[in-house]
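Given chain A's structure and the hints, the job is docking chain B onto it.
Those protein sequence lines, which keep their order, are chains A and B. The first sequence lines up with residues 1 to 220 when you count with the numbering used here. The second sequence lines up with residues 1 to 349 when you count with the numbering used here.
Please keep in mind that the hints were generated in silico from the structure rather than gathered at the bench. Bear in mind that the values here come from a model prediction, so they are computed numbers and not experimental data. We put the beta carbon where it would ideally sit given N, CA and C, even for glycine. Please note: incorrect hints may appear among the correct ones.
What the hints assert, rightly or not - Computed footprint of chain B on chain A, listed as stretches where at least three residues anywhere in the stretch have a Cβ under 8 Å from a Cβ of chain B:
id, stretch
1, 117-126
2, 131-140
3, 155-161
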Amino acid sequence: MGDIPKYLSDAGTRAALLDMLLDHVYLSLVPLVVSVVLAIVLGLLCHRFRQVNATLIALSNVVYTIPSLALFAIIPAVIGTQVLDPFNVILALTVYTTALLVRPVAEALAAVPAHVTAAATAMGFRPLRRFLTVELPLSVPVLAAGVRVGSVSNISLVSVGALIGTGGLGTLFTDGFRQRYLAPIIVGIVLTLVLALVVDLLLVLLRNRLTPWVRAGGAP
Amino acid sequence: MIEFRDVTKRFDDGTTAVNGLDLVVEAGTITVFVGPSGCGKTTSLRMVNRMIDPSSGTVLVDGNDVLGVDPPTLRRGIGYVIQQAGLFPHRTVLDNVATVPLLIGWTRRKARQRAAELLELVGLPAELGHRYPVQLSGGQQQRVGVARALAADPPVLLMDEPFSAVDPVVREGLQDELLRLQAELDKTIVFVTHDIDEAIRIGDKVAVMRTGGFLAQYSPPAELLTRPADDFVASFVGKDRGYRSLSFVDSSGVEVAEVPTVVEGVAVESSSDWRLVVDAEKRPQGWVAPDASVLPGGSLYEVGASIRGALDAALSSPSGLGVAVHDDGRLAGVVTARQVLDVIESRRG
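Here chain B stands alone, though its shape is the one from the complex:
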């Protein structure tokens, strides 16, 4: 657990980066600090491992005031992932990952063995271990950065805009990877980003901060979307928040209906109904319109996944019928947008 108690940081030039921050990061959760530049999110993060010391107030890690611990010792027990990974260009990937174990006195052999395990954990092939960082893609470097932070198995992980320098597709993959790792490792993670979508996607709780170092709202992401504390949070959260909040509602109340199907490649005639094209394994492939023309399908959603997916499936389908699939990709049934909206309405009460 990490606790900020009335923490203020004023820099020598007179700017106040953090202003009376009171906040508790629960153990085993991902807490995201998000906000525009100058809101003090990175300063707050850096006060946890004493890269910056507060002007007043107290930062506690597991109940201990961090000011009572010598900074290098404190830092060796706290994982840190930095923007652009910050890998050592002159050390191989394996030796980069082995950094903290070597600092705390492990033998080189044991540290390298541990490093190899971590490369596997973050989904990198073992042969990358002998390369230098410059030989890796941005996404791979970032994974190495995460592996390096985890090497000595610290209970706390600080991540300072770790994924902001990679392209959106890679970023999404890295976010998924982080969530998968977190499910496995159960770390206490503080994650800083300026990207509200990233915050909503990965945070168990999100702290929205505003310029001048004020905490505007600290709540679970769904609440941020449905009940923003003020206009600043509402505008920072951005457009479509009603629709985006559906990501946090599961679609279990939405009953799927049967739909006429035709098997891919079989000749069809016109009919009064839309018919779903499926392959031999009953996986949806597209639609046959009443006039027998074949159209590509809309988005698919998995039964029980978020209701946002169900609504989008219905809205994006040429037939107006959203297609639900099982987790193995086989057809489960179809839903209409009306049905989905009814479920949303009924949950409102």
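Bound conformation, chain A alone:
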């Protein structure tokens, strides 16, 4: 443990850590944002078309069973990218997170009370506006729960990407194991944890900001 201050005392190491942290944030959050958008579109399709629903839910279950390391390795073969291209990780995590979010989005849309959507239609909302201003906002609590799981899952999966050399905090683990040096491993664990907690906290704050009505429920 005494190694850690020594390890951190080096300015070059600290700069490298910051780079890794930023890489990690980039590699885990870009897929998160992209998959939220994708899952909303796919969830809407599931909600509107029963057949799409059955197919997409089945597909997303299958996708989620593919081991991440395998997916990182397969993607370059399928789409022709370089093995070390960080895009592989971004694409793989986007696929996972979308698969994770489609079902809750579809369920949240289905849970919007029929009398609320009927009232919106009867007041003259066009379908797109109704979706964006009534159905989607009402789905945020469920969507947010899925996004929180997705963010933690992504942050941990990015570390696996280090095994195929795509950067991020996982590099600390591969380096530490290779050099049989504990300090970077511990620093890597702590930074990953802190990152996951901070992102989760930000997501909770964002959700609360988007859903003030949920906490109004208690006091009549």
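Structure of chain B alone, referenced to chain A:
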């Protein structure tokens, strides 16, 4: 004015919800569609704002075929109140009410100002405007629903079982409120309910519909009670319709007589007469029997109100004398059931 011309609606599963409906809803009136489930009352209502389109026939609003208007545009000009209010849970009461004004392009400031006026109009305190629907009682939510429907001042208001999810006492209050608003606003209202008493209470005209989408009778409520078109209407209207029809007869022909009174709190002795107890402002408080025992009074009726009230006052009074009051609650006089019945008899001719 809303006009249904030979309107039929057949759904894909083969059921006929509305069958050759011909009906005119006069401007500035409340028309109630009433009937058992499956009679097509809600389907008929929804064909007015194109939530459903007819299979054949024409629906006209102010002379224009609704099929000629793009549905969202049409709907923004027609108020709609739905069962359970259908308020947006994620918007404050004020923003709920401001919905249609914002849809038709008002500024947020102007829409909110209008919404605040409407909350006042439907009798809700301004501070409720900043709450969310979940923080309101069922009756309050329903009022917000009415305010929201009225926000852009549409000439036509469609109400789909708006009060059926609230308890009977609240419902009666909401009905009174609707009648008060209507006296002020003069909208063309189509109101759907399965509750015949509600229909009779609020309708200028009532359309009784029967399963299969047929119009059984379309007439003013008094006529529904006194002259039902057939057995279906008679049984749907229900028991005591003779008595209930008295609600539509005014009591102006019933002369009130004087009655001995005693002021509340003053000692009384036995006497051959029943004496009415009044307070210092001459408001009836109960009766003193000939043996000097004090009894609570029966129902009171206001002079000139329905004759049903006069008859009930006489029947419910321990002395057999129904007590009439002025609109400020002061004693006007008393009537007997015999007198009331004589007036009813004499009007029959």
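Hints, verified against the model:
Counting residues of the stretch 117-126 of chain A whose beta-carbon sits less than 8 Å from any beta-carbon of chain B gives 9, enough to reach three: the coverage restraint holds. Counting residues of the stretch 131-140 of chain A whose CB falls under 8 Å from any CB of chain B gives 3; the rule of at least 3 is met. With 0 residues having a Cβ less than 8 Å from any Cβ of chain B, the stretch 155-161 of chain A misses the three-residue criterion, and the hint is violated.
Hint 3 from the earlier list is the only one contradicted by this structure; the remaining hints agree with it.
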